[in-house]
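Chemist: Dock chain B against chain A, hints included.
Line by line, the protein sequences give chains A and B.
Letter by letter, the first sequence follows residues 394 to 791 in my numbering.
Letter by letter, the second sequence follows residues 340 to 689 in my numbering.
Treat the hints loosely; a few may be bogus.
Label-pair restraints from in silico Cβ distances [unchecked claim]: (1) A:524 <-> B:648: 25 to 31 Å; (2) A:474 <-> B:454: 32 to 38 Å; (3) B:552 <-> A:476: 42 to 48 Å; (4) B:502 <-> A:614: 53 to 59 Å; (5) B:568 <-> A:684: 38 to 44 Å; (6) B:618 <-> A:681: 20 to 26 Å; (7) B:552 <-> A:684: 47 to 53 Å; (8) A:445 <-> B:543: 46 to 52 Å; (9) B:675 <-> A:528: 25 to 31 Å.
The set of hints was computed from the structure by calculation and includes no laboratory data.
C-beta: ideal position from N, C-alpha, C; glycine also.
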Amino acid sequence: MKSYLHLYLWWLMSLLVTTTAVAQPDVQKKIQTDLILAEDGTTVQLPAGTFSLAGSLSLQDKKNVTIRGAGVGKTVLSFRGQTEGAEGLRVTNGTNITIENMTLQDSKGDCIKTMNVDGITFRNLLVEWTGDPKATNGSYGLYPVQCQNVQILSCTAVGASDAGIYVGQSRQIVVRNCTAYHNVAGIEIENSVGADVSENHAYANTGGILVFDLPDLVQKKGGQVRVFNNLIEHNNLDNFAPKGNIVARVPAGTGMMILATNDVEIFNNRIIDNKSLGTGVISYFMTEEPIRDSLYNPYPTNIAIHDNTYSRLPGYPTRKGRMGLMFRFKLRFGKNVPDIIWDGVTNDKAPASQRTICLKNNKNATFANIDAGNNFKAISRDATPYTCDLPPVAAVGK
Amino acid sequence: MPTKKNLFLVSLGLFALVGLLSATYKSVPTAVPERLSAYGFFAGNIAEQKPAEGVMPYRLNTPLFSDYAEKLRFVKLPAGQAAQYNAAEVMDFPVGTTLIKTFYFPVDFRDAAKGRKLMETRLLLRETSGWKALEYVWNEDQTDAILEVAGDRKMVAYVDAEGRKHEQEYVMPNLNQCKSCHNRNEVMTPIGPSARQLNGLLDYGQGAANQLVAWQKQGMLTDVPDINTVPKAPVWNDPATGSLNDRARIWLDINCAHCHRPEGPAGTSGLNLSIHEKSPAALGLLKTPVAAGRGSGNRRYDIVPGQPDQSILLYRLESTDPGIMMPEVSRKVTHREGVALIRAWIQSLN
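Bound-form chain A, shown alone (with noise of 0.2 Å):
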């Protein structure tokens, strides 16, 4: 019996020695390890626990691959130590990825990208910068770029020194009953076809909700968004990204600003005391930049906006930056800032039935077209020939 147990215990021991010889006491590598070795279809479980990260974690070349933690708050990984990688979390082709249930923060660049996945899921997550806000902070929360089939539900993005949320150069998307604020932008939707933005809480940004289309990307002609049901509050805090970003051109007091994106309907969302710009509809022309790419429309088309309740109190818009200057100085409306401003920039070429915004049903809304294609000089808040029916964007998946 002794000898068995000897022999018993030799072998155990063996094992162990051998097996740590690969494995090591450090967060970073038992994490890592676990998701290069997922099989496809499990579950890569972290446990409650705050876990300090030096390095980017990465999964990639999975499907059916779900990352869960233990609930946000309970586990919590935290980036701000790292000294390698220029994310939290990366995934990258992928099918099928499910990212939920706990807290990132204070990572060097963005919270979680995701490149290439077709069904990337983010569901109860909370990506955040913790301490003020401040341009130090990485740029996107949660950062989907070229991926189909995107959901984004009940997550939280706090502190971001570009976008919350922001889906790039992707399709069929769905944000829902999300929550952004002290971020630059709060929800940012960019060059991305089919996307359904409702039941969202943007607030305490510098702009609440943007949908973006701009030139030189590989995915063109964003449009089909649909941006509903959202609460676009307070968004006035002042503008803290780097320069050189296109977000750093939003003004303080965005609630939500359509740039250059075509087929968007805006309706039943109440958009409250936002400074300068309830809703903004603008040209790329509005960012003075050149515009290189010929396949690029920096027009606004089919821009509908109906249904929704504006209410803002008297007050001066932003008086920083390139439209800071402009409200004081071209547009001058004082304290009575209208609720939707459009810049009037229209494309001579284009058949005279395209609309470019079609408002209507808006409750409590002052409205300006600021002719800035003509320096200003007919500004016009006389809302009636806008007032128009679109045909509806198609909801996602529909």
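Modeler: Showing chain B alone in chain A's frame:
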């Protein structure tokens, strides 16, 4: 003396521990050799890195900067098979090929006789399903390198070519990070051994010979055209080999274009730094950034001709902050001489 009961408890504890650990690591691929020595790539003392029969050393005219590590490169082709020449990109290597790259630091860059420290050996294996990457980290005794899935980091000390002492952290990639560079359209791809990079001399022991000619003579490469018609990458820091523009472009190509090309992971940025790119805007001239975030450094354009200190590209090359710096991985220190080259190049543009 442990009692039977104690032994039982100890074994129970060990059993639990082993169970815990092996549950996590059970799926470490078993078919992959745990040690580099098992491949037989090297003859004699493996630390000397003398290639065995059938293993061919090679060099690149302008290599990727890797925190001042020096590199030894080898290729092993399957017996009796050859790679096919490609004028524009990496040679088409047959299934069974292994590309071998060992990273090391000389103790003193001025005097090779003082020895060196081998850090890691990376393998790219061409399998039927495509290329696969493996990472082996050298042990402290320098007797072998051990398979490491999750990468590693070590401190390294050396004296540079100017006699300055350095001590820095050196990071070795986890398997996922291999593909953050070796990636075209999400397919694992080698980067270095292209015609233009191999078109240079190497001393095979009987005087220097052109590598492409040597490969052809050995039956390792087919369809090589007249060597005078083959494109040739300049040596980035040797003005005798190319103009400032040509040397800057090849430096950007090898250091940036594995990601910054339309099929690469940074294709989303619209910035294409490949040697093949001809559009000034795609090369970054007066191009606004897309998702640079604080990487913009408050500068407006990727490259402002004549103004290196207004150019985002230079800002990111100079930085070592992981949220700002480029490349994003495999760099802890600034390539001072490379930055000087790109600075001079941007200065020269108009």
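Chemist: Against each hint, give a clear statement of whether it holds in the structure.
Modeler: Here's how the hints hold up against the structure:
Hint check: residue 524 of chain A to residue 648 of chain B, Cβ distance near 30 Å, so the stated range 25 to 31 Å holds. Range check, residue 474 of chain A to residue 454 of chain B: Cβ separation about 34 Å, and the 32 to 38 Å hint holds. For the hinted restraint 42 to 48 Å between residue 552 of chain B and residue 476 of chain A, the CB-CB distance of approximately 44 Å keeps it satisfied. Checked against the given bound of 53 to 59 Å, the beta carbons of residue 502 of chain B and residue 614 of chain A, roughly 57 Å apart, stay inside it.
Residue 568 of chain B and residue 684 of chain A have their C-beta atoms about 40 Å apart, which keeps the hinted 38 to 44 Å range intact. In this structure the supplied range 20 to 26 Å holds for residue 618 of chain B paired with residue 681 of chain A, their Cβ-Cβ distance being about 22 Å. In this structure, residue 552 of chain B and residue 684 of chain A meet the distance hint of 47 to 53 Å, their C-beta atoms being roughly 49 Å apart. Between residue 445 of chain A and residue 543 of chain B the CB atoms are about 50 Å apart, so this pair conforms to the stated range of 46 to 52 Å.
As the Cβ distance of residue 675 of chain B to residue 528 of chain A is approximately 27 Å, the hint placing it in 25 to 31 Å holds.
Taken one by one, the earlier hints all hold for this structure without exception.
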